[in-house]
Every structure is written in C-alpha cells, then in structure tokens.
Amino acid sequence: MGDERETPPGSINEDEPQVNQDELILAQQRQIEKELGDLEPVSSLNNEYSTDPIYLEKVKDLSTKYKYVRRTRPDGNCFFRAFSYANIERLLEKKDEFNQFYKLAEESKDVLVELGFQQFTVEDFYDTYMEVLKRLRNIDDIDEARKELHTLFNEQGFSDYMVVYLRLLTSGQLQKEHEFFSCFIEGDRTVADFCHQEVEPMYKESDHIHIIAACAALNTGVRVIYMDRGTGRTCNEHDLPEGCTPTVHLLYRPGHYDILYP
Amino acid sequence: MAGSALRRLMAEYKQLTLNPPEGIIAGPINEENFFEWEALITGPEGTCFEGGVFPAKLIFPPDYPLSPPKMQFTCEMFHPNIYSDGRVCISILHAPGDDPMGYESSAERWSPVQSVEKILLSVVSMLAEPNDESGANVDAAKMWRENREEFNNIAEKIVRRTLGIPT
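Chains as they are written, first to last, in UniProt numbering: chain A, 1 to 262; chain B, 1 to 167.
Hints were generated in silico from the structure; no laboratory data involved.
Zero decoy hints are in this set.
Derived coverage of chain A by chain B (criterion: at least 3 residues anywhere in the stretch with Cβ under 8 Å from a Cβ of chain B; other residues may be distant):
1) 122-131
2) 148-162
3) 192-198
4) 201-211
Pair ranges (Cβ atoms, derived):
5) A:Tyr203 x B:Ser84: 29 to 35 Å
6) A:Lys134 x B:Pro21: 33 to 39 Å
7) A:Lys134 x B:Gly3: 15 to 21 Å
8) B:Met101 x A:Tyr203: 18 to 24 Å
9) B:Arg7 x A:Val111: 19 to 25 Å
10) B:Gly46 x A:Leu104: 47 to 53 Å
11) A:Leu104 x B:Gly3: 25 to 31 Å
12) A:Gly116 x B:Thr74: 30 to 36 Å
By construction, the Cβ of each residue, glycine as well, lies at the ideal position given by its N, Cα and C atoms.
Isolated chain A (complex conformation):
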C-alpha cells in the first residue's frame, strides 16, 4: 500500500477498464498548489468520479462517516505530511496531551543520536520540528493555532523539514524495534537497510510498516479508510496499530493518502 507497485489484495478487478489513477493523481498535483489543502466536504470527491459508479457508491458510504476531507500533495510524502499535520492539529485542542507530545519531541533527537544518527545531519530537521511546535504552543486561541499550523505546513521549507523529521523518527522506531520489524521486511535486507532505502529518503511512499512505526513513534493510532474499485459498496477500514483508539483518520486511495474529519 501507499506504493504504486503494490495494491491491497483483491482491490482491482483486472477486467474493468481501469481508471487511470496516475493521471488523476497528476491532475490533483497540478490542482493543489498547496502541500495541504483547505477542508472540503467529502462529497467533493464525487467530482473526480462522475462516471464511475463504484467510486460514487463508496463516496456515499464515506460521507455517512466523515464530513470533511483535506487533500495533500501527492508527492510520495503524503502519508508523512498528512499524519504529522493531522496529529498536531488534534493535539491543539488538548493542552495536556500537546505538552506531553512536546516533551516526547524534545527528547527525540537524543534518542536518534543514540541510535547512531549523526548529530549534525539530524539537527536542522529537529530544530524546525521544535520551532513549529513551540510556535503553536505559544498561541492560546485554538483557531489561531490551527491557522498557523496550516500556514507553516504550506511553507515548503517548514513542511518538507517536518516530513523529513517524521521520516527519521519512523526510521528510529523501526531500528529500535528491529527484531520485531525484521519479520515484515521482504528479501534479505536488514531493518537498517530498509530504513536507509525506503524510509529516510524523501518522496519514498509509505507502506503498512511505515505507518505502524510512525504511530509508535508519535504514540498514537490511525484509522485508514481504503477506497478502491474493489467489490462491495462500503470502504474498508483498518486501525493501526490493531485495536487502537484512532486519533487520526486517513483516506487511502491507491497510491495516495488524504486526511479525513468525522
């Protein structure tokens, strides 16, 4: 998942003329100049599928559970950008949890350095990450804080550095729990190799394993709603890690994640 090479099993009916997902995604990329768009009603997804009854049915199902969608730039970083944004956004309403999260973030650089990351390669990303959190912490009005979050995540300099830092935290988590995660890595790559090739570089898309490690790194859970051309009228949902109480909701369409709001 989250990777053009893989599709969830049974999701695409080979006999169907396939909607050209690549073209749709390219169109979306041109359309949103922003890293993250404004809130749009879930029904706005209909515009992309006006001739596709399967998707239309699923958008209908989706709109019974969610009110809004926030689109993200489909550049391979979408999971990390969406997850980082949505997680901070929901913490803005919860001062105590925000402060706990802040403390965890403050300590995170030392953890990475202990794991073997060179300090000077991590520093700038950490500093940007903390600066964003600090700026948000200093704003008392929640709506103002939301606006600031949106502004910062749409400034490429901040936004990309937030993405990199979450990639590094995810890599750190995978390496910390390498014994557990090694079972999920195909081929004879070590967890560290996997991190260097699939997690740390920008624009590499995310799979289940990235999501589970990112959730553990940020100490939260996510619900992913899968919307594809698979049979059935409803979208499948998946909580990661399994059995968690999800705080962040993401919409997955083959190759891409956007944020959902109940």
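On the provided structure of chain A, position chain B as indicated by the hints.
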C-alpha cells in the same frame, strides 16, 4: 530553503575540518559561496590509484540535503564509474528510484541524513573497487574486466599527472 541548505553546509564544513577523514580534504572553493566545493581525494593504498591526489568539484542544489549534490572530478580520470567528463556515477548520489545505472536495490542511496563525508568515503571505496556492472565509462569497465594490466598502467599515468610527475 537556501537558508537551511547553507546552515547545513556550514555545519558539514565545520565537521570535516574538525574531524577530517583520512586522505580527504573538502570545503567551499570560496567562502562567499557555500554551494560549490572542491575536494581532494587521495588514491586508496594498495590500489592502482595509490598515491594520486584527485581534485573534484561538488555542486549543491538549493534544497540540499533533501536532494544530493553533483560531483565531478576536475582532473583526467579513467574509471568504470566516472564519465569521461569527470562526473561521478555512484548510487549514494542518487535517491532511490532514480536509477540511471540500474543500481542494486541494496546499494547505498541519498537521503537527508547522508553527508558530504559519506559521499567522499563512498568515492574512495569506488576508486578501490570499481563496479563494472554500472558502466559510466564503458571502455574503462571493459578494460578493468578484461585487461587489468593495461588498466593499471593508465591509472598509474593518471596518478603521476595528478602529482605533476612527467609520465
């Protein structure tokens, strides 16, 4: 984000100056412009490039370290992984998925936590152990495989030239 790139390049320069890896010197050509560096790389011992001092240029993009720099030797070179114009072609200078030479999936790739030092160390290993599967210079790759003696002779001449010794 040229500001972040500059900050990072200054940090790397400091790191390389305080803690230089053996046989490598690198830094900005002119401290007014941190986006163009020169490096001097000593040929690794026990290889046909031993004793040579090879100058190269590194050009950094404005979004460094999100994207990798480009590297080019400015002296004559003859090596399977160096183009005839001196450009270096190794996996660490490419992000995953960017595969001009069909690198092995296990090969080291660019990411924001790589560094100039790691690149230069990879280049030293490349000089010691050419990868003749990825032929940036096909003639050199062929000669490395089939006529090692001739390859070593050419390398020796290049080494002498970098030192200003008549060949």
